[in-house]
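K.L.:
Residues per chain are reported as follows:
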Amino acid sequence: MKDDGINRRDFLKGAVAGGAVATTAAVGMTPQAAQAQQKPAAAPASPGYSYLNLEEAAFVEAMVDHMIPADQYSPKGTDLGINIYIDRALAGGWGKGDRLYMQGPWKVGHPNQGYQLPLKPADLYRAGIAATNAYCKKTYGKTFDQLPAAQKQEVLVGLQGNKIKFDSGLPTNTFFGTMYQTVMEGMFADPIYGGNRNKAVWKMIGFPGVVAVHAQNIEKFRDKRYVVEPLGIADLS
Amino acid sequence: MATKLKEVDVVLVGMGWTGGILAKELSEAGLKVVGLERGAMRTTAEDFSVPRIRDDLRFASRNDLMQDPAKDTLTIRNNPKQDALPMRRLGSFLPGQGVGGAGSHWNGVTWRWNDNEFKIRSLYEERYGKNYIPADMTAQDWGITYAELEPYYEKFERTAAVSGKAGNIKGNIQKGGNRFEAPRANEYALPPLKATQAGLMFAEAAEKAGYNPFPRPVANASQAYTNPDGARFGACQYCGFCERFGCESNAKGSPHFTVIPIAMRNPNFELRTNMWVTKVLRDSSGKKVTGVTYINTLNGEEFEQPAGMVVLTAYAINNVHLMLLSGIGEPYNPDTQKGLVGKNYCYQTGAGATLFFDNHYFNPFMSTGGSNFGIDDFHANFDFDRSKYGYVGGATVGGGMTNGRPISYRPVPSGTPQWGTAWKAATSKWYNQAMSIGSSGSVMANRYNYYDLDPTYKNAFGQPLMRMTFDYKENEHKMGKHIAQVINDLAKSLNPTSFNPASVRMSWTVVPYQSTHNTGGTIMGTSPGNSVVNKYLQSWDCHNLFVMGANVFPHNAAYNPTGPVGALAYWAADAIKNRYIKNPGMLV
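In the order they appear, the protein sequences are chains A and B. Just so we're aligned, residue 1 is where the first sequence starts under my numbering, counting upward by one. Just so we're aligned, residue 1 is where the second sequence starts under my numbering, counting upward by one.
These are computed hints drawn from the structure, not numbers from a lab. In this text, all values refer to a predicted model and were calculated from it rather than measured experimentally. Some clues are possibly wrong.
Claimed, not checked - Mimicking DSS-like on lysine-lysine, the simulated pairs with C-alpha atoms at most 27 Å apart in a straight line are:
#, chain 1, residue 1, chain 2, residue 2
1, A, Lys-203, B, Lys-429
2, A, Lys-224, B, Lys-492
3, A, Lys-224, B, Lys-194
4, B, Lys-165, A, Lys-107
5, A, Lys-107, B, Lys-194
6, B, Lys-208, A, Lys-220
7, A, Lys-76, B, Lys-429
8, B, Lys-71, A, Lys-120
9, B, Lys-165, A, Lys-220
10, A, Lys-107, B, Lys-81
11, A, Lys-96, B, Lys-458
12, A, Lys-224, B, Lys-208
To be verified - Only part of the chain B face toward chain A is listed, based on derived beta-carbon distances under 10 Å:
#, residue
13, Arg-54
14, Asp-83
15, Pro-86
16, Cys-236
17, Gly-240
18, His-360
19, Pro-364
20, Ser-367
21, Gly-404
22, Pro-406
23, Ala-425
24, Asn-432
All C-beta atoms in this analysis are idealised placements derived from N, C-alpha and C, irrespective of residue type, glycine included.
Let's have the full structure, built from the sequences with the hints guiding it.
P.N.:
This is how it looks when you write it as structure tokens:
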């Protein structure tokens, strides 16, 4: 989103404040999207977010594009829709605490006892992004999305290894673990969830997708590469 | 106030494998049977059809077919000095929920546990001396023999379409099978599955090392099959969506299309879904149960279902929980070692290596729950001298593939960055060029590993959660070190480009997933002084209460538990049909 030199967040803030664009185009729409509407053949550049606010959307887009850069293996994270996957996951049942025991009392516990925060995943994400941006501003004078690649890398490594401590007391590596999990899910889950666009990630590793029958092939392709166009749930529906 | 319903002969609590088996057997014997299942109805056509069932995120990452911890979970800790805290989301193990239970989303591996387990204390004391078993290790004989269970193993294997190769038929060792298995009367129901590249490479390495590899027995039908009850199985398609998923082609032995619908065709059986049993009721003498109370989870209404007999057929953990909630028997106390309900909770341990090859392709997505080879040289082989390593029990070691679902299956060499182009390069390169060698290890009962009721946390029905206190002890550490060495030697012998070595598990943690093989808590045995149920799984306290499931195992072996769980259910059903109904009272 920064490729065209426009800071999308500032643009949108301006748009909402001014009201001019916001009344005719959905909030969350970028200039590219507006153009895309006029050119139906082009892919929509902005999907609109359900859960993430402007600061969070900028963070998530920057984070997935840093973790999943465009290279010979795959398009970049936002072009795979990983930001969309994350937004939908946080807005949906999982993000809102489905299948999570949420009764107190709350204690820190031992790492062997697993997740013990009084936060649903969407709340953890929100608190984690705020804390990471606060850390980035204190350390570098900028939010995460505005940092150069080397500093983004430094921050992510610091979160992963628990080297960065949040002033809020939020456990750094728990936030990182949840964030990393969602990036991987957005990469590798079926495209019906918004990520893994065009099954690009399945093609990258050679996973054939949801095909039902390998009985005919398990011996034929033993110790050989099996290369097919992968199929997703939507392809068979 | 609970609405009191009309009395029936039998109430079954939970409708997985054991509930299904009892439902079919007891309704055929003419008893009026009600099956209560806390989850929803499940059928292959409605719930497991392609492409919906091929949803890695929904079923494997989000555990859609499993128990919902928001409603009921356990508290967990490693030792009695710690504060137990809730298992807030599922991780280490995945109890099932819904008709079919875990029997609809297991891998299907089905073993015959033998006298090495059933006579564990006597055999070890005889061979290694009275002092070999440590004082805190509360392993004990089960009070049953392999010979007694053999026909019931066969019955379960034929019901569930177990594919495999016999290693010992009536004492004659069979080439290609597990030579260490106890003697079988007959071959498996079906021949083994097609082998994977990883399975064959493991088998070759194991043979070269002097071990005895064989295809693992598994309830994945290697061919189309009709079981003795007339239930029809499709042939396994090696789709790579086995454990955590239902099977669209009914190739995986599961109660939801075998015993349960057969029982449902019998007017003597009634299935009630979305009914959560909260308590087993007793009469004023305390010596007989009178039925159960349950709540309709669709509207909150409470019922009392009077019954002549109650059979607990829920998941292993939930059977023990219901006994504790109902106050039947004395809860176990590790300090005084008094009480028996909750005693001898056991789990399993494991170690694994991942091997990377520049010159081999494994197609991990062409696989099924049991498409692998194993060795039993360090487990069922009683001649293997444990005293060199100083442990009790053992481990099976195996190689093969169970799936290539990429949200969780993405092997890369240790030290690979976790994101960026280098991570993508390694993930792409090794996804199809890695195999693993893994192990499943026994866990011996220990004085300080047990269940009781949690003093603080409650479930959605206001009842105390179960509290699990568990850790691996010195015995498991010794075994784990030995088995990791066996695995790493086998790995090296295959000359991989590189490998991530196996290492011993020192302490139990609730993340990540390890195995849904939780055993003990209402153990079987020879007297009311050493067990909760007798060899027919009948409560010593109340003769009209029977308790099925792996919760009756006095310790845990390396084998998956479902073989004896199924066999014991058929064995208990026979005892109820042939003896108990005619003359209700203690069967021992």
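K.L.:
For each hint, tell me whether it holds in the structure or not.
P.N.:
Hint check results:
{"no.": "1", "hint": "A:Lys-203 / B:Lys-429", "verdict": "holds (12 Å)"}
{"no.": "2", "hint": "A:Lys-224 / B:Lys-492", "verdict": "holds (22 Å)"}
{"no.": "3", "hint": "A:Lys-224 / B:Lys-194", "verdict": "holds (16 Å)"}
{"no.": "4", "hint": "B:Lys-165 / A:Lys-107", "verdict": "violated (51 Å)"}
{"no.": "5", "hint": "A:Lys-107 / B:Lys-194", "verdict": "violated (50 Å)"}
{"no.": "6", "hint": "B:Lys-208 / A:Lys-220", "verdict": "holds (26 Å)"}
{"no.": "7", "hint": "A:Lys-76 / B:Lys-429", "verdict": "holds (19 Å)"}
{"no.": "8", "hint": "B:Lys-71 / A:Lys-120", "verdict": "holds (16 Å)"}
{"no.": "9", "hint": "B:Lys-165 / A:Lys-220", "verdict": "holds (23 Å)"}
{"no.": "10", "hint": "A:Lys-107 / B:Lys-81", "verdict": "holds (15 Å)"}
{"no.": "11", "hint": "A:Lys-96 / B:Lys-458", "verdict": "holds (21 Å)"}
{"no.": "12", "hint": "A:Lys-224 / B:Lys-208", "verdict": "holds (24 Å)"}
{"no.": "13", "hint": "Arg-54", "verdict": "holds (4 Å)"}
{"no.": "14", "hint": "Asp-83", "verdict": "holds (6 Å)"}
{"no.": "15", "hint": "Pro-86", "verdict": "holds (5 Å)"}
{"no.": "16", "hint": "Cys-236", "verdict": "holds (7 Å)"}
{"no.": "17", "hint": "Gly-240", "verdict": "holds (7 Å)"}
{"no.": "18", "hint": "His-360", "verdict": "holds (6 Å)"}
{"no.": "19", "hint": "Pro-364", "verdict": "holds (9 Å)"}
{"no.": "20", "hint": "Ser-367", "verdict": "holds (8 Å)"}
{"no.": "21", "hint": "Gly-404", "verdict": "holds (6 Å)"}
{"no.": "22", "hint": "Pro-406", "verdict": "holds (4 Å)"}
{"no.": "23", "hint": "Ala-425", "verdict": "holds (7 Å)"}
{"no.": "24", "hint": "Asn-432", "verdict": "holds (5 Å)"}
Checked against the numbered hints given earlier, this structure breaks hints 4 and 5; the rest are met.
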